[in-house]
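This is what each chain is made of:
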Amino acid sequence: MEDELYLENIDEFVTDQNRIVTYKWLSYTLGVHVNQAKQMLYDYVERKRKENSGAQLHVTYLVAGSLVQNGHTCHKVAVVREDKLEAMKSKLATIASVHVYSVQKALLKDSAPLYNTDYDIVKTNLHNCSKFSAIQCAAAVPRTPAEAPQAQTTSARAGSQPPSDADAVSAPVVNGHAPSAAKQTSQQPKGIMEMFAAKAASKAHDANKETKPESKEAPGVSAASSKPPAKSSIMNNFFGKAAMNKLKVNSVPEQPKEEKEAVKPSVSVAEPESSLNVVVEKPGKKTESVKSQQKDKKSKMKRVDKSDNEEEREPENLKKKRKRIKQLQSDSSDEEDVPPSPAPEEEKAPSPPPVPALKAELEPVPTEVSAGGRKRKRKRVLKSKMFIDEEEGCMVTEKVYESESCTDSEDDFTKSKPPPPQKQPALPAKKELKEEKKNLKKGPAAANRANKQVSIMGFFQKK
Amino acid sequence: GQDVPVRKLCELQAGERCCVVGTLFKAMQLQPSILQEISEEHNLEPQPPLSKYIHPSDELILEDELQRIKLEGAIEVQRLVTGTIFAVYGCEQDDGKFLVEDHCFANLPPPLPWNGPSADRFVLLVSGLGLGSGSGESLLGTQLLVDVVTGQLGAEGGQSCAANISRVVLAGNLLSQNTQSRDTINKAKYLTKKTQAASVEAVKMLDEILLQLCTSVPVDVMPGEFDPTNYTLPQQPLHRCMLPLASAYATLHLVTNPYQADIDGVRFLGTSGQNISDIFKYSSMDDYLEILEWTLRAGHISPTAPDTLGCYPFYKSDPFILTACPHVYFCGNAPRFQSKLLQGDEGQRVLLVTVPAFSATQTACLVNLRNLSCQPISFSGFGAEDDD
Chain A
1 MEDELYLENI
11 DEFVTDQNRI
21 VTYKWLSYTL
31 GVHVNQAKQM
41 LYDYVERKRK
51 ENSGAQLHVT
61 YLVAGSLVQN
71 GHTCHKVAVV
81 REDKLEAMKS
91 KLATIASVHV
101 YSVQKALLKD
111 SAPLYNTDYD
121 IVKTNLHNCS
131 KFSAIQCAAA
141 VPRTPAEAPQ
151 AQTTSARAGS
161 QPPSDADAVS
171 APVVNGHAPS
181 AAKQTSQQPK
191 GIMEMFAAKA
201 ASKAHDANKE
211 TKPESKEAPG
221 VSAASSKPPA
231 KSSIMNNFFG
241 KAAMNKLKVN
251 SVPEQPKEEK
261 EAVKPSVSVA
271 EPESSLNVVV
281 EKPGKKTESV
291 KSQQKDKKSK
301 MKRVDKSDNE
311 EEREPENLKK
321 KRKRIKQLQS
331 DSSDEEDVPP
341 SPAPEEEKAP
351 SPPPVPALKA
361 ELEPVPTEVS
371 AGGRKRKRKR
381 VLKSKMFIDE
391 EEGCMVTEKV
401 YESESCTDSE
411 DDFTKSKPPP
421 PQKQPALPAK
431 KELKEEKKNL
441 KKGPAAANRA
451 NKQVSIMGFF
461 QKK
Chain B
1001 GQDVPVRKLC
1011 ELQAGERCCV
1021 VGTLFKAMQL
1031 QPSILQEISE
1041 EHNLEPQPPL
1051 SKYIHPSDEL
1061 ILEDELQRIK
1071 LEGAIEVQRL
1081 VTGTIFAVYG
1091 CEQDDGKFLV
1101 EDHCFANLPP
1111 PLPWNGPSAD
1121 RFVLLVSGLG
1131 LGSGSGESLL
1141 GTQLLVDVVT
1151 GQLGAEGGQS
1161 CAANISRVVL
1171 AGNLLSQNTQ
1181 SRDTINKAKY
1191 LTKKTQAASV
1201 EAVKMLDEIL
1211 LQLCTSVPVD
1221 VMPGEFDPTN
1231 YTLPQQPLHR
1241 CMLPLASAYA
1251 TLHLVTNPYQ
1261 ADIDGVRFLG
1271 TSGQNISDIF
1281 KYSSMDDYLE
1291 ILEWTLRAGH
1301 ISPTAPDTLG
1311 CYPFYKSDPF
1321 ILTACPHVYF
1331 CGNAPRFQSK
1341 LLQGDEGQRV
1351 LLVTVPAFSA
1361 TQTACLVNLR
1371 NLSCQPISFS
1381 GFGAEDDD
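Chains A and B supply the protein sequences, listed in that same order.
Numbering (this note's numbering) for the first sequence: 1 to 463.
Numbering (this note's numbering) for the second sequence: 1001 to 1388.
Excised from the complex, chain A in its bound form (with noise of 0.2 Å):
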């Protein structure tokens, strides 16, 4: 029975990992309705207590209700030790509502501890908090990019912060393509999924940033980008990060614009912990790139950087990594726009860049992708430049820049195998979760190699 199922995992929490279980945690932790946890504590509390195998359950309470005060009613809402408890029900005139707050078990001196529980899973669970209470508002729906841009009277970088945050927050709500299906489905993988989103978001700010019709690619970019991640599996999350970035390879020179809006815009308060932050911090990061940039390419470049700095995973090998190549590529190549600037800006990046940022600065050209699952790959690509085609990737570093500015080429090659894209990125994204620090992937990979090479290798691939 899943009852059984669900006591046994309380039991779990509360006697092997010591934890303290309240009813919010165990909310999120089991994924039910709030109301269902506190019953199923409940249930938990009166079986161990009928068993009484010794072990201390500590239990406490939220008792709820008015009393007169002064004259007037005043409603009392406490958290109470299981001690208190009666004492408490006695002081009220009218209960509204009692139930079990927590259990653990140790005895709480006080209600600090079932602060900081509730804290901790509410910041990681921070865009879907309602998700599992018992109102629901209609009106609470996150504004899309679309409209979050038209909000702001000026394109400035400070204007696309809201509609960035607002992406970032409603990272699979972009622009209603997808709204509940890919909220829900984005959510569930959290980390890179919000990374994915957020680029996606950031992505879509770009476009909002610039005085184009943007908002309409924007939406696109979002949509697209919100799709495959939806779908996706975490590892397919770089796949589809890779892929998209081969497909924006492909895409017209436009794209880059908006992606370079989107590394704009998305400044934003950066905000430490959840995947959100991710997000603004990528957005911070970019602005800081922002002032070098001055091509499409170089902001792609950078957004790259950013995007990829934010997902912290990247341990710092890959920055280092990456400062060299840029270093390499913005001295061997001066007429391609995206390495002398990237490269710099690149260095400017303060986070490890992860590999999807090396394949996004393979490929520096958007690309229009039309479908969902397009500009998701077209995001990474975009993140890592570094990652074009297997062949020129091997080369010296100046020809890999070459292959990114040789937009047909790669748009041959990307266009002609949509599939393949994924699939590489998918690999290479796999490895990249397993393996941060390593470059040992197919396509991306051998993009990631290829710098890699370019940095220590590179000399003997010439000669």
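Hints may contain errors.
In silico negatives: residues of chain A with every beta carbon more than 10 Å from chain B [claimed, not checked]: (1) 12; (2) 30; (3) 56.
Heads up, simulated DSS-like pairs for lysine-lysine below, C-alpha to C-alpha not over 27 Å straight-line [as the list claims (entries may be wrong)]: (4) 84/A x 48/A; (5) 123/A x 1194/B; (6) 1008/B x 1097/B; (7) 123/A x 105/A; (8) 91/A x 109/A; (9) 91/A x 1340/B.
Hint data in this document are derived by calculation from the structure and do not stem from the laboratory.
All residues carry an ideal CB built from backbone N, CA and C; glycine is no exception.
Using the hints, position chain B against chain A.
The following block gives chain B in isolation, referenced to the frame of chain A:
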């Protein structure tokens, strides 16, 4: 009566009983004056902030468009503050002072039509969340508040009651006074290079709390004395880029202080409390509810602005004059919760509410829009020393 002439000050004749209407000015000895502070001849230290600046030697002066005249007589000097418009009835004496026999205020403004809801709908008034204060005592209370409003706490009955909350109004002082310290100005640059203003963390916390609230209920956020917005009244709304998570939701409304709104057909008007506390400092009135009622009767939200309270220099029209009587009139950051239903002569019904500071009292106010009643709702956790 009709037979009493209304005179301007320049038309006054000694010994004639008449009415004069004008603005009040209270000359206070203890009133902090920047000129005195920077004056070198006095060699004075800046005056430390007092809780009350009244002094027995304060005098009232009535000003109209052209002249001013000292008032004495049957008026309570201590209770009145600068900036009040009122009318006095009396006569001018030989020494040039006006002997007051009676006085009156503008009284309650004309009433507004009542369009309130027929079913129970609530508005939750909270003020003084005081985030970033460094002490976590009120955090659990804040979390409990959010949980009740979002429907996570409580049994089914409590949750369905909470579902009737149609709006939450945060009336100022979302950040605590502790975030106001500006040590970075005094310290050397190398010491403060990597430090962040305390308000940054507090605003992040605020953003998270607002996000949780916004997903279930429309929220109006008013800035207060310690919030990152301009100092002078009217305070502009907090900028939405400070609240990236929550501002994505259309249910978040960042509003000004003072704030007037029609919620479910009921007219709300309120401030974050700076006006009331300023009057508190410059008059002998101690009760926030009393001061609140007094401002309503005087027809002006904040008579002491811009004299002692920072205010934008409006010169064409004064937006703080009460032109219509609100249904709910509140002020935030009061020392304790108080409420009163006031009935006016012309049929006005006003609910006066002083919203206590949540960080100190863990109490919020629930206003029932159907019958204009108000109830405090308080939250508590338990501590080591709690007995009950």
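Structure-based check of each hint:
1. For residue 12/A, the requirement that its beta carbon stay farther than 10 Å from each beta carbon of chain B is met, with the minimum near 23 Å.
2. Non-interface status of residue 30/A relative to chain B is upheld: no Cβ of that chain comes within 10 Å, the nearest being about 15 Å off.
3. At the 10 Å boundary, the C-beta of residue 56/A stays outside the reach of chain B, the nearest C-beta of that chain being 18 Å off.
4. Taking the CA atoms of residue 84/A and residue 48/A, the gap is about 20 Å. The hint holds against a cut of 27 Å.
5. Proximity of residue 123/A to residue 1194/B is assessed by CA-CA distance (about 25 Å); at most 27 Å being required, the pair is judged to hold.
6. Proposed proximity of residue 1008/B and residue 1097/B is supported: the alpha carbons are some 14 Å apart, at most 27 Å.
7. Restraint check: the Cα-Cα separation between residue 123/A and residue 105/A comes to about 24 Å, which is no more than 27 Å; the hinted pair holds.
8. Restraint check for residue 91/A and residue 109/A: satisfied, since their Cα atoms lie roughly 22 Å apart, inside the 27 Å limit.
9. The suggested pairing of residue 91/A with residue 1340/B holds, with an alpha-carbon distance near 26 Å, which does not exceed 27 Å.
Of the numbered hints stated above, none is contradicted by the structure.
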